[in-house]
Amino acid sequence: MKSVLCLLCAKPVLVGVLALAAGTPGLGAQQSPDPARRGFELERRGNYAEAADAYREALKKKPGDPAALFGLERSLIALDKPADILPEARAAITASPGTGAFYGVALRAWAAADQPDSVRAVAARWAALDSTDETAYREWGAAAISRHDNAEARKAYETARERLRRPDALAGDLAAVLSEQHDWANAVREWATAVAKVNGYRSTAVAALSQAPENARPELLRTLGSQSSPPARWLEADLRARWRDPLGGYQVLSANIPPDRGRAVEAISGFLDQVRDQNGPDARRAQALALVALADRTPGPGGPQLRLEAAQAFADAGDEATAKRLLSGVSTDPATAAGLTSGAATTLVGVLVKEGKVQDAERKLEELKPDLVSEDYLALRRTIAWGWVRAGKPERADAIVAADSSVEGLALAGRLQLFRGRLDSAEALLKLAGPYAGSREEATARTALLAMLQPMQLDSLPALGSALLAVERGDTTHALEQLDNVAESLPADQGASEIRLYAGRLAQSAGRNADAERLFRSAAVPDAKATAPAAQLALAQLLLETGRAKEATALLENMILGFPDSALIPQARRLLDQARGAVPET
Amino acid sequence: MRRRDFVGQALGLLATLGPTSRLLALDLAGAGARGVRPRAGWLLVPMDDAQSDHLKAYGLTYRSVQRGIRAEWLLNYRNGSFLIPADQATPRDAALSGISVEPLDDGAVLQIRAEIQSGNMDAIPLEKAPKVAVYVPPNAPPWDDAVTMALNYAGIQFEKIWDPEVLRDGLRKYDWLHLHHEDFTGQYSKFYLNYAGAPWLLDMVKQNTAMARTLGFATVPEEKKAVARAIAAYLERGGFLFAMCTATETLDLALAGQGVDIATDYADRTPMDPNASAKMHWDLALAFQNARLELNPSVPVFSDIDGHQVNSLDRRQPLGSFTLFNFSAKIDPVATMLVQNHRQVIPDFYGLTTSFTRRTLKSSVTVLADEPGAPWVKYIHGERGQGTWTFFGGHDPEDPQHQIGDPPTDLSLHPHSPGYRLILNNVLFPAAKKKELKT
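So the protein sequences, as listed, match chains A and B.
Letter by letter, the first sequence follows residues 1 to 586 in my numbering.
Letter by letter, the second sequence follows residues 1001 to 1439 in my numbering.
Think of the hints as simulated: they come from the structure by calculation, not from any bench.
There may be inaccurate statements among the hints.
Mimicking SDA-like on lysine to any residue, the simulated pairs with C-alpha atoms at most 25 Å apart in a straight line are [stated by the list, open to error]:
1) A/LYS81 <-> B/LEU1202
2) A/LYS364 <-> A/ASP273
3) B/LYS1206 <-> A/ALA185
4) A/LYS155 <-> B/ASP1268
5) A/LYS197 <-> A/PRO116
6) A/LYS431 <-> A/LYS364
7) A/LYS61 <-> A/ILE93
8) A/LYS550 <-> B/LYS1206
9) A/LYS155 <-> B/LEU1202
10) A/LYS550 <-> B/GLN1066
11) A/LYS369 <-> A/VAL407
12) A/LYS81 <-> B/ASP1304
13) A/LYS354 <-> A/VAL407
14) B/LYS1160 <-> B/GLU1222
15) A/LYS155 <-> B/LEU1295
16) B/LYS1206 <-> A/GLU219
17) A/LYS155 <-> B/LEU1319
18) B/LYS1206 <-> A/ASN215
Simulated restraints on C-beta separations [said to hold, decoys possible]:
19) A/GLY225 <-> B/PRO1407: 58 to 68 Å
20) A/PRO213 <-> B/GLU1383: 40 to 50 Å
21) A/GLY225 <-> B/ASP1410: 52 to 62 Å
22) B/THR1323 <-> A/GLY225: 56 to 66 Å
23) A/GLN278 <-> B/GLU1383: 55 to 65 Å
24) B/ARG1213 <-> A/GLY262: 57 to 67 Å
25) A/GLU488 <-> B/PRO1138: 48 to 58 Å
Where is the CB? At the ideal position from N, CA and C, for every residue including glycine.
Bound conformation, chain B alone (with noise of 0.2 Å):
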């Protein structure tokens, strides 16, 4: 490119940005040209209560690092700010998205690295971003998704795959895979017991019976249970998953029922093994141990993993509100990475799966937050082989009481959600460097 052509347009280009921006990019020209370190060659992205949209700032950082940029997740420092190398993209991203970001010289971030060398903080080097994948069913279901509401406001792509995808060994090319309100116990969620004669619920028996036939499968809870192992073989591969609601509970159940009648009639035409909470091999499964089953088929919940009952008319628990647990930044800072956030204590949300209860947990298990004083805790984590998956409970954490019908939330009116902050931790934190998550 001429030198003559490559200043107009640069030209151009500076014509098309606001005022701060405008100087921001002069002061990268300049310093350039001058061959020295820009003055402000770094941005702070704040994530404490002077972000104006916390949200959209997960995605301005995934896309700084989906340009090859080296950003860093400075753990605990102003409630887990982001710090970008300054280009000319992302403040132009930040003020067409209304995220606050802070210049800063190469001497406020050497006060800052000093600030989190000395305290309970850690600086994370973000280097790829995640391959994203959400599981979701071709046809559209009558409820949302808080995760695809979450990468659509923050601005991160993702592909959508279903069973014939995971099934052949699709899931080899993403790094992350999303789960939310699927029944991997193949029971369709037990929503027979309510809507019977719903067309969405007919349309979904209907695609669902034809899709394990054409699979091979004689049954659907068969085919998901084969969906649920090729997804823990993805995990074993080193793959990281995010899991919400029903898929939680269900995943693992699918898992630990290999072999077992685990499903009503309704969905494969035998009743459940009256046995089957004796029967189940819980070394397979990633999360609980020990649960029993609900046998009865009129009943609408799958297990005592779930501690919030919510279908259950006489077992139904209320909602409270969970706390984050602090952990070491420097010493585990993959679970520090999981609760970032602005807020400690968060209100409580239900789901077909709300919370998953103590006495149903693996050892191995972390806790990332819990109802103090409740016998459940609500976000947990676990690996499992060179893997990692953590586990949400509830449906929409703006949405406590969710019913199916209800409008999807719009995220534009919650910028600040603690809650869906917990759900973007997840989706950043498989871009830290590698070395990072080995602890």
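Chain A extracted, bound-state conformation (with noise of 0.2 Å):
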């Protein structure tokens, strides 16, 4: 909320006078006989005190010296003094009554030396120079925000919408302060009507806006669904977005886009901005379709840019027929770039194989071999390879590997000799592999099959294989019956905890906790040392996760006391911890 504060509470830019002072050239060493001009200078050295001495000097002579004052004014600033400059300003004042920066000063003065009633006074002053600015309520407001007297500041916008009868008048910084205090429904209301005057106030709405607790979310949506200017409508889709319903955001900007291109795109270009980091299928819709709506509205080749981007978002989202509409349009566009044709490449290779078009995949991706990098190029035969074996085609998938002999084709080749249920070669080629093949989540999961091949003393196990090929091609049910039954025929200390306990986690991610529960019960024996606690820890998880905290509490202390020497140990603690409620939940 600060930083809502801090941006509307800027104290004004003395952009005129520091102009004037820039205008001396060359000055030196050498004092300047004009006083205000030494006391710039003095200030640019960070000599405040004598810089103050100076521009007094130059107020001496010419009380009403706007360069001088607001020398002075920074200065003393910079010397925690900002009260001192009173009398100056007093003086500038008579010397120059109807300029109102000066009854700025003198304004932020009384405010430095906490005088409430002085600053309401110069206020009332300066505002009676000009009946229809609202500068003097602004600062008024401002001082008060600084002292972090909210009521005061709210007294002021006030103070201004009543004698400058406008009823709109400072609502940005009215809805600023009434969201620090938390009266959310007023706050929306004078953020509806701040955003219709400036849209420039939309990002700092949202931001404000966003930290509304849940309950008074729905209300203030109906507020500004209420509201005829569609700024207030693109806030409304913006908190929308923010508050996890992205498609239900888009629908309510598509309503409200304006004709003009220009006003289009920034409306538009305000909703990307909240969904952009947000994941998730919806999110990713709502993306996609904004980019759509935004490409269509930009000449040149930001257009096609733009429509791959909004390809990719739609093959996230699981809409991979418009992703590949989109990305013919943009492949046979003759606006597209060159650098585009990779981006484009990927994300239709992509689209292809997890439509189950392998082959047709691989013959797109051969057209386009002439226009992309080899790494490119090699990363995207991985892609296709991984699409046979998905598709219960391993063998295919051989050929295209036999050729990469960069560390994620030894990653892949390695997979390959699993599923065939080679374990000897399988465990040389995952190793070579090393841990920095792929991504992070793909080197963890190498990882693991490493650890659970380790403790097994064959050669060969086409039954693992092949369950683990199933576990690839998404078939949890078959892959879950497979791995029981190869666990079945193993010894518990040569592989079958590993394999239980990596069966019960699969079963976990689908949501089958009752299998889960059975396996990892079923791996957590004494005779399998190394996974005995890992197992314990995996079925106390989801215990708790299942609400049995009183059940994973006893498990989780048979753990703790039965391997104490388990690097599992810390974690088990803090699991402990949880399950007692001993740590706050946030």
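Mind assembling these two chains? They're in different frames, but the hints should get you there.
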């Protein structure tokens, strides 16, 4: 919240004064006869006390000298004596009672002296100079905010509305204060007014209102939904996106996109800022729709780039058909830049593989090969290899992998050997691939596989390979059945426990908690000293997640006492703290 | 129980223990069978840097005393270690919680006692686990209580009480009472200044107003003053009080402000008495005197008792660090217990009341920690009637700039927190043998 207010209570930028001072070239180390210039030079060097003296000297000669007065203000602020400027500020106002900026100096000084009555008096005099100007009230409010006096700030803005006879005056400033006070019902109305006048408030309004508690949000959205101004509806769209309804947000946005291209781009871009970093199918779909809308309004090469991004987003959202349609449009669009081809190819191949059209993907890749760098080409080949594996044709993947000597290629080759049940060569290849091939998740999965293979004393186990292939193909039911059978055929300390633990995690990720529990329990046998603690920990985690804290507690106690040297003990203790309620929920 | 069943059960229990605990348990069992004192008959819970979880160590000791074991607090020995006669449950408890314990035999213990005898140390028997109450309203305020977090983390049970229980003499059944973020002047900590429309504040006002009416009071400030008086009476009868943050300053303001309007019109629809400061009955307060109340309703501080004035923009003082005092363990065991720590200089932390200005302290107050050179102190202690009170300024030792809405501190990330040790010293010290507490 503090950052919201700080955006609105910034001190006035004394650009004019600095410009004046900057127009004095070549002062060097000599003392300038002009005390104001001398003050500026001293201030630049950080000699604030001497600078203040110089500025005072200037103001003695000419009390209404703005450069000297603002310079003195800056120097006194640096010296932490902002209120000391009061005599000079009074003199400046006397010398030039029509200069509003001098009242600003006086107002800030009274605020620093913690004299709210004087602040109000100065603000009133200042406002009287121009009955249509909000500035005096804005400064009054800013001074109150700097003293953390939100009530006074609110009073300043409400007084402005009354005196200026404008019910929408200082809406953004008032909205910020109301947000700080958590008065959401009034804050949202003020933000709606503010964005209707100045769309630049939109991101600040989203940041402020997004902190409203969950139970207040439906009412806030209703209030915005009842507004007629498009920016207020865009604000509604942004908040819906922020509050986990990105598609609902896009719906509101699309119904309120103005015909003017510039405004439309502004509206859509603001919404995209809210959804861009979100994941999940709905968010990606909302991103995709917004990107297409933006692409339709973007001439030149920018359009195809946006459509490519949209295609990727549609693919991530599971809408491969739309992704393909967009991609074919991108590749045939004459405005498409050469560099886009690689990105489009990646997305297109990925989409085809996901749809199971692996042959088509392979053919397409060969067509695009001349336009791709070799690294991208090999990476796409590996994607196709995985496509063949998932299609149940790992032998087609072999041919692809044979020509790939990269660490990622070795990792893939290792997995292919594993699917055939060739444990010895699989282990060798996976070890060769090392910990750096692929993403972190892939490296972790590879390490977990190696840990599973290690205790097995067999070179070959086709049944295990078949089970792992079923996992890769997404056939969890079949995979679990096969893994169970394989585990039955092995001694507990020669792989059976490891396989059951792996199967248990697979069952848990598929939501089959009963199976997961059975598998974890059967993996946690005393004979499997290395695996038993991990199995007990996994079981305890499952019990906690399913609301069985008492059982989890007993199990964790058993594990901690039974395996005091296990590397998992710190995690187990942490979980035990959670089970006992010793760790606060955030 | 038949011998066969006993042996079977004992073996079963043995199987659940880890190797170290198993050796210890076998040792105890074997020694018991031979009719001699076990080789490792004691457990030392070190509280110096050898300890892997200082905060949970208090819980371990508390639970052993709760089981009827006569533990001892070795003041100033290895930063306030605990000595517990070895049983089967304590090593198990320690292993589960990751607390470091060192088995000792009689010879080692004798050496320790000799060392204690010859130095500024003492061994205080801990004989009764105090029954703990935490004063907290039923609705959940949007801030966190460092003491309840410490109690939960250490595994020390407590009960929650609020105004109805306090005013109906419900404090009688508790040995130890904790107050934290409560404003006993009835002004809702002046949160109306910055959170006027906040749902939680509106809820708090509604609840407190209804409570005051139900209990027969015209206003919330009057009701809170009555609660303060009840707490003072509990102390007179021998209770132990530990207060932090706003509760420290406002409790005393409420006690001294009997018959004086010390609340703004937001709280009771009448402005503060402009001469309130001159009318206060400081003789009724526990720790403070001659303080000047803040008369300006739009300044979010209570009085000049607080040295740091965190919410007053132009008076706010920066944080430094505070230093624990040393006391004579044999002559002043109470103060010594309260300052046991493995660090002597501790980084300071804000609260609505962060510190206590020296000028406002009564002469009877014992200062336990201060910021050298600063006009305020941090941690103080005193007596009232048969009971004692301790005030510790600040909100959360591991969250120096805590704001409303911040996530609670996860103490598993701060198992060695010296600030939290001071809190837990206060929980355990009422367990000390009564005679030791009357110095």
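Consistency of the hints with the structure:
1. A/LYS81 <-> B/LEU1202: Distance ~39 Å between A/LYS81 and B/LEU1202 Cα, so the pair is violated.
2. A/LYS364 <-> A/ASP273: At roughly 34 Å apart (the allowed maximum being 25 Å), A/ASP273 and A/LYS364 break the hint.
3. B/LYS1206 <-> A/ALA185: holds (19 Å)
4. A/LYS155 <-> B/ASP1268: With a Cα-Cα distance of about 23 Å, the restraint between A/LYS155 and B/ASP1268 holds, given a limit of 25 Å.
5. A/LYS197 <-> A/PRO116: Status violated; Cα separation ~30 Å.
6. A/LYS431 <-> A/LYS364: violated (33 Å)
7. A/LYS61 <-> A/ILE93: holds (15 Å)
8. A/LYS550 <-> B/LYS1206: Cα-Cα ~38 Å, so violated.
9. A/LYS155 <-> B/LEU1202: holds (21 Å)
10. A/LYS550 <-> B/GLN1066: Given pair A/LYS550, B/GLN1066 holds - Cα atoms ~22 Å apart, limit 25 Å.
11. A/LYS369 <-> A/VAL407: OK: A/LYS369 and A/VAL407 at ~21 Å, within 25 Å.
12. A/LYS81 <-> B/ASP1304: Cα-Cα ~23 Å, so holds.
13. A/LYS354 <-> A/VAL407: holds (24 Å)
14. B/LYS1160 <-> B/GLU1222: holds (22 Å)
15. A/LYS155 <-> B/LEU1295: holds (21 Å)
16. B/LYS1206 <-> A/GLU219: holds (22 Å)
17. A/LYS155 <-> B/LEU1319: violated (33 Å)
18. B/LYS1206 <-> A/ASN215: Within the cut-off at roughly 18 Å; holds.
19. A/GLY225 <-> B/PRO1407: 58 to 68 Å: violated (32 Å)
20. A/PRO213 <-> B/GLU1383: 40 to 50 Å: holds (44 Å)
21. A/GLY225 <-> B/ASP1410: 52 to 62 Å: For B/ASP1410 against A/GLY225, whose Cβ atoms are near 40 Å apart, the range 52 to 62 Å is violated.
22. B/THR1323 <-> A/GLY225: 56 to 66 Å: holds (59 Å)
23. A/GLN278 <-> B/GLU1383: 55 to 65 Å: Holds, since A/GLN278 and B/GLU1383 (Cβ atoms, about 59 Å apart) stay within the stated range.
24. B/ARG1213 <-> A/GLY262: 57 to 67 Å: holds (60 Å)
25. A/GLU488 <-> B/PRO1138: 48 to 58 Å: Roughly 55 Å apart at Cβ, these two residues keep to the hinted range, so it holds.
In the structure shown, a violation is registered for the earlier hints numbered 1, 2, 5, 6, 8, 17, 19 and 21, in ascending order.
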